[in-house]
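Colleague: Chain order of the listed sequences is F and H. Here the first sequence is numbered in my numbering, starting from 1 and rising by one per residue. Here the second sequence is numbered in my numbering, starting from 1 and rising by one per residue.
Source of the hints: derived by calculation from the structure; they are not laboratory data. Possibly wrong hints are sitting among the right ones.
No copy labels: a pair is met if it fits in one copy or bridges any two.
[What the hints assert, rightly or not] In the DMTMM-like style, the derived pairs of lysine to aspartate or glutamate whose C-alpha atoms are separated by at most 25 Å in a straight line are:
| id | residue 1 | residue 2 |
| --- | --- | --- |
| 1 | Lys-671 | Glu-349 |
| 2 | Lys-433 | Glu-554 |
| 3 | Lys-680 | Glu-349 |
| 4 | Lys-448 | Asp-356 |
These numbers come from a predicted model, not from an experiment.
2 protein chains.
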Amino acid sequence: MGSLNDIGVAAGINILSAVGFLLVFAVVRIQPINDRVYFPKWYLKGTRSSPRHIGNVLSKFVNADVSTYLRFLNWMPAALKMPEPELIEHAGLDSAVYVRIYLLGLKIFVPITVLAFAVLVPVNWTSATLGDDEEGLSYDQIDKLSISNLGPGSKRFWVHIGMAYVFTFWTFYVLYHEYKVITTMRLHFLANQNRRPDQFTVLVRNIPVDPDETVGEHVEHFFAVNHREHYLSHQVAYNANALASLVKKKKGLQNWLVYYENQHAKNPEKELTIKTGLWGLWGEKVDALQHYKTTIEELCKQEDEERQKVISDPKAIMPAAFVSFNSQWGAAVCAQTQQTSNPTVWLTEWAPEPRDVYWPNLAIPFVELSIRRLIMAVALFFLTFFFMVPIALVQSVANLDDIERVLPFLKPIIERNGPRSVIQGFLPGIALKIFLIFLPTILMAMSKIEGHVSLSGLERKTASKYFLFIFVNVFLGSVVAGTAFQQLNSFIHQSTNKIPETIGESIPMKATFFITYIMVDGWAGIAAEVLRLKPLIMFHIKNTFLVRTEQDREQAMDPGSLEFGSTEPRIQLYFLLGLVYAVVTPIILPFIIVFFGLAYLVFRHQIINVYNQQYESGAQFWPDVHGRIVTALVISQILLIGLLSTQEADQSTVALLPLPVLTIWFHYVCKGRFEPAYIKFPLQEAMVKDTLQRANDPMLNLREYLKDAYVHPVFRSGDIYELLAMDEEENPHLVATKRRSRMTTPVDSKFSSSSGTNEGEFSRPRPS
Amino acid sequence: MGSLNDIGVAAGINILSAVGFLLVFAVVRIQPINDRVYFPKWYLKGTRSSPRHIGNVLSKFVNADVSTYLRFLNWMPAALKMPEPELIEHAGLDSAVYVRIYLLGLKIFVPITVLAFAVLVPVNWTSATLGDDEEGLSYDQIDKLSISNLGPGSKRFWVHIGMAYVFTFWTFYVLYHEYKVITTMRLHFLANQNRRPDQFTVLVRNIPVDPDETVGEHVEHFFAVNHREHYLSHQVAYNANALASLVKKKKGLQNWLVYYENQHAKNPEKELTIKTGLWGLWGEKVDALQHYKTTIEELCKQEDEERQKVISDPKAIMPAAFVSFNSQWGAAVCAQTQQTSNPTVWLTEWAPEPRDVYWPNLAIPFVELSIRRLIMAVALFFLTFFFMVPIALVQSVANLDDIERVLPFLKPIIERNGPRSVIQGFLPGIALKIFLIFLPTILMAMSKIEGHVSLSGLERKTASKYFLFIFVNVFLGSVVAGTAFQQLNSFIHQSTNKIPETIGESIPMKATFFITYIMVDGWAGIAAEVLRLKPLIMFHIKNTFLVRTEQDREQAMDPGSLEFGSTEPRIQLYFLLGLVYAVVTPIILPFIIVFFGLAYLVFRHQIINVYNQQYESGAQFWPDVHGRIVTALVISQILLIGLLSTQEADQSTVALLPLPVLTIWFHYVCKGRFEPAYIKFPLQEAMVKDTLQRANDPMLNLREYLKDAYVHPVFRSGDIYELLAMDEEENPHLVATKRRSRMTTPVDSKFSSSSGTNEGEFSRPRPS
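The following block holds chain F by itself, in its conformation from the complex (with noise of 0.2 Å):
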């Protein structure tokens, strides 16, 4: 536990690396060479293209104009120049909301801060019981701004009852106004949203065996009978996963034969030859040009073949369907309803945007996804409380000795002294290291087994479990020492109320921790996320060594998107902290107003020129990211009354637990009164469309329109596209962002494969 000075130290070591982040970012960013990597998003929708220009060599990739230099500043007050509607309009409304959690953090803790310093910092730093006695715990300057000052039974805990009052009752305030605006928001990008096939459709799951129709003939009579008048058309589900690993093989192809192409037309004369083996690299040498032809041919026969099979097979269909209804009030009544008397068939629900579809999961029966969910949730638990167990495995095998022992061409290595302590001193982190870079992807397969139809639902899936994960091993595991399952282990063997009193006497000592942690972790953190390294590393390996197309230029852009299943619950980590320690130790708070400042100033400019979403989903995570902050409240409430009940102030306990209980109840109204926002739509906003449409456009002819809308990404051939020209003529200010956009998001999208791994085309051909 460092005194303030020690912070002082820590702070400056972080500010300055957060500032040289910053700096470098500035003169790298204006390179013409790294354009790619920090506009992509400009690239994306067609607005900037690769600098070409009529000077020198050099200023290709070297910026020459000093000017820019002098402004490199400039980036920051752009960021937040663009207004909000021109922001959802230009990056979707998830995204704009996305850095609207940042904002939200500002406006809670920024008057919480002051009301702190201004009240609560006073009154713990006058109360002198602290610095004298030199007891067992060591307390240090930090504790001397902190609720420890006051030493047990003192009436100034009084002070902090009310402020702990006041405190929830300004989050609820700033909470609910949120929500209030973000579901305005939501409804109006909803209903300013152009015309788009998931408006007119229901995703039917479950569809239950005829014997004597096909699963198309059945979906056409059950809709045509029950939705009589609404009922159009619909798209049956097909299992194409096989065909779509053909189809993403033969593009990798496609992308070596090009090259080959290339490089043959710029110098005839040399033989170009490759191997047929592993990676190329054993094997019979053949000519190059020739071996791809043949191959893509084979594949493309096979490719034929699959697809017949899959359109013939009635295997191949699955017992699921799109349903397109010829209103979207039709479709809206088909998606809430239920449709038989047994809820396990015929399930009806929003269909997904056609690219927010996860088509593996399409064709789970309702009791094995019971079983899945909970297989997945007993899988939560055990990674969540003894996920250290086997790493602690992995760490005992992985010593040196043991390696030697396996491996004994490596004993000269290892037993030299300076190698050895420092492999010594790196092994057993390594592990750890890994599993936590891997535990987003382990989360979010977890997720994928749980049967969620849609990415966007999986991304906000993975985000709970990830929360949780977070608030048990880094909260938890920081605060009281020690592995989550001993954790467990004491808590169930100790008394109820001596929980949040263990936790909460040890608040006030790990806030030095914290703080240092918010440094490195938020403000170094985000300044790398600017400048980012990896996406700049990345893209020029790929720019030298692989590139061969302007195709793959564009491939080797890497604009990323937000990942909220990922980044999300780290937030949520930063309104814990400032929740919990609000009342206990405000010098905490400046640090994270400061993470939320530049957070908030740095993701704004990342959605505004690099991020590229996958999906639009309409900021449907709203209600997740509202529920955990109301459970960061409840939280920081019991530890509280934990901690008050430490410091023989008895009466606290009953004073604050009306807390936790108005919190509660809070939420239930918040949900009540805006999650359905989030889940139904009303049946007036669907008439008021219809009647629009049907107004401005009363010739269009809505079966054709909805015809290819939810086929399989496979089976999708160019006329998606003029399809989608033919919506956009009608809104010509909308062109080419529209257009763009759609055609640059990957039409089969990483996550639509069966495999799930992310193997980009760049890796080389294996044989097949």
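For chain F, the structure is supplied; the task is to place chain H on it using the hints.
Modeller: Coordinates of chain H only, in the frame set by chain F:
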């Protein structure tokens, strides 16, 4: 704690008293004078009328036919004879499903008992741990049959763990199967119902205020636009509580007028006078006939004024309406969808049956509803855990010395020794007894404050509250001595894993107590139920002193109803006891089986011959019943874990932990599979019924049919019966049943007045 002998004695006494009740019942039920007490249901159906023998006067009162006495147990097979479909038609689905709860008890516990006696009892009996040692805890013969006989660390616990699994899976099977059967019954019942207004009607609440339109116009415009093809008509809800009380008062006075007119006709000479003061005991003497005539005339005027006021005053219109549709499909759609983007206005739900509506709650705004629920949740917590506090206060105030001081003239009575000791022993219990008698009423009042809009909903919510109370105060209160608050306090200060241990440990020792409880509360209580002692006495008192007209006699007959809110939670206690003791002390099981068997018999008899349900909800309570049995199962498993972990059988905890997880999962599976059938109405069924009805009756004027269905009871005049008669002409085989049952169901049901108290029509009129 008693030995087997003691239990034998207790059983003997209780069997004797139960048999005694049954014998008395067998004799009194065949006396003609009691006919209206034991067969009211048949009178209400119109198939039975007051006995009018031509023989001697005595035979009107006493049954002299000896042969009927010989067949005095005939009612038992008769109760079982009526097949279930007929029972449903005769008494409604609610009642038929209610008796199935007892049958469910038999289905669960008979096989469990057989298995437990075949396996567990021998295993327990042959472990001779107890009996030799004479330690602190007093064990007895019952304990030799229970798990306590095994002693710590015994390997035989594995048998119990295995049986816990077997019992759990058997319970799963029976519960799942029963849920399925009852869901089918419900759907079948709904599908076969005749046309009823509630099938076409949706209750709309929280209609927003429109400055330019009345509520009625607003509703009309909204639904005509947003449900264009389906909207038919609407009926605004009036706040007619004042009018309702006037109507009630007039009705009472009219009865008196008829009575005096009868008296006058019999004996025209005698002058009939009454006193106008309180209760007719004080005040000026006036001519009775004249007095009532003028009072009624006055009331008629007041009533007309009030009626005009309600109809014309916009303030009397509540922001709620019953909206009817031209098809069930339209109503099903409206009930299940969200209407506008603000989910706190235009709330739609299926309209309850007209007689099931709880009118005073129709107008509560959304936010007020949340606040009311918060307050009631807090109130329920305090009621459950602190109800002893005010009672103890009353008890301490109401001791004899205080009474003596306040009311000195009672001194001579109190000072005498005899009464003093009686009162002294009696007083402390009386406050508690009064509280317990009024508890269901208190809980019902709380449910009313929570704002549910149907009587069936109120009953269900009351049942949930009552179950919580019984679980905490009867079950836990008996197992762990001390008041609920003391328990709560000790649980909070106890380690989490100690709580199930503490409770689990005392479970086996309380077996004898619960066996006695089952015999007193279950056996004798059920036998007393069939005798209907209170209605029997009340009927004869009323018949002798108050019955003046034939209508009065009809009203003196109190058929009662099932009172789901107060009786179902008591059944649940038996499920809980059975599941908890099945593994621990199986000797308790036969007593529970006898209870379920006897209760099944008695309640089947009662619903056939006695009870007259106020409403028909179509077994909507089943998800609650199912949920509480699952809760009991989880509780039993946790207590078993607690018990075994005190017996040095540590692996048992691990071996049993999957059980509660599986049970909770089972609950969610059942919920997903069946619950929607109790909340939603599938569109397919609606479409089928619409098609059938259109084919059967193409000329029906639905608007006319629905016109007055949802008029507040006080506005209803004779034409409602014409309407019903019109309806029934199409179904000639049902005429008698339906018309009579509608007529005799109090049109202004006892809950529809704002006062909520149950003043009969027989109290003497107060001066107005």
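Colleague: If a hint holds in the structure, say so; if it doesn't, say that too.
Modeller: To see whether the hints hold, each was checked on the structure:
Proximity of Lys-671 and Glu-349 under a CA criterion of 25 Å is satisfied in both settings, with 20 Å inside one chain copy and 18 Å between copies. For the identical chains of this complex, Lys-433 and Glu-554 are neighbours neither inside a copy (32 Å) nor across copies (82 Å), given an alpha-carbon limit of 25 Å. With identical chains, the CA atoms of Lys-680 and Glu-349 are at most 25 Å apart both within one copy (9 Å) and between copies (15 Å). For a Cα distance limit of 25 Å, the shortest separation of Lys-448 from Asp-356 inside one copy, 14 Å, qualifies, whereas the shortest one across copies, 45 Å, does not.
In summary, the structure is inconsistent with hint 2 from the numbered list given earlier, while agreeing with all the others.
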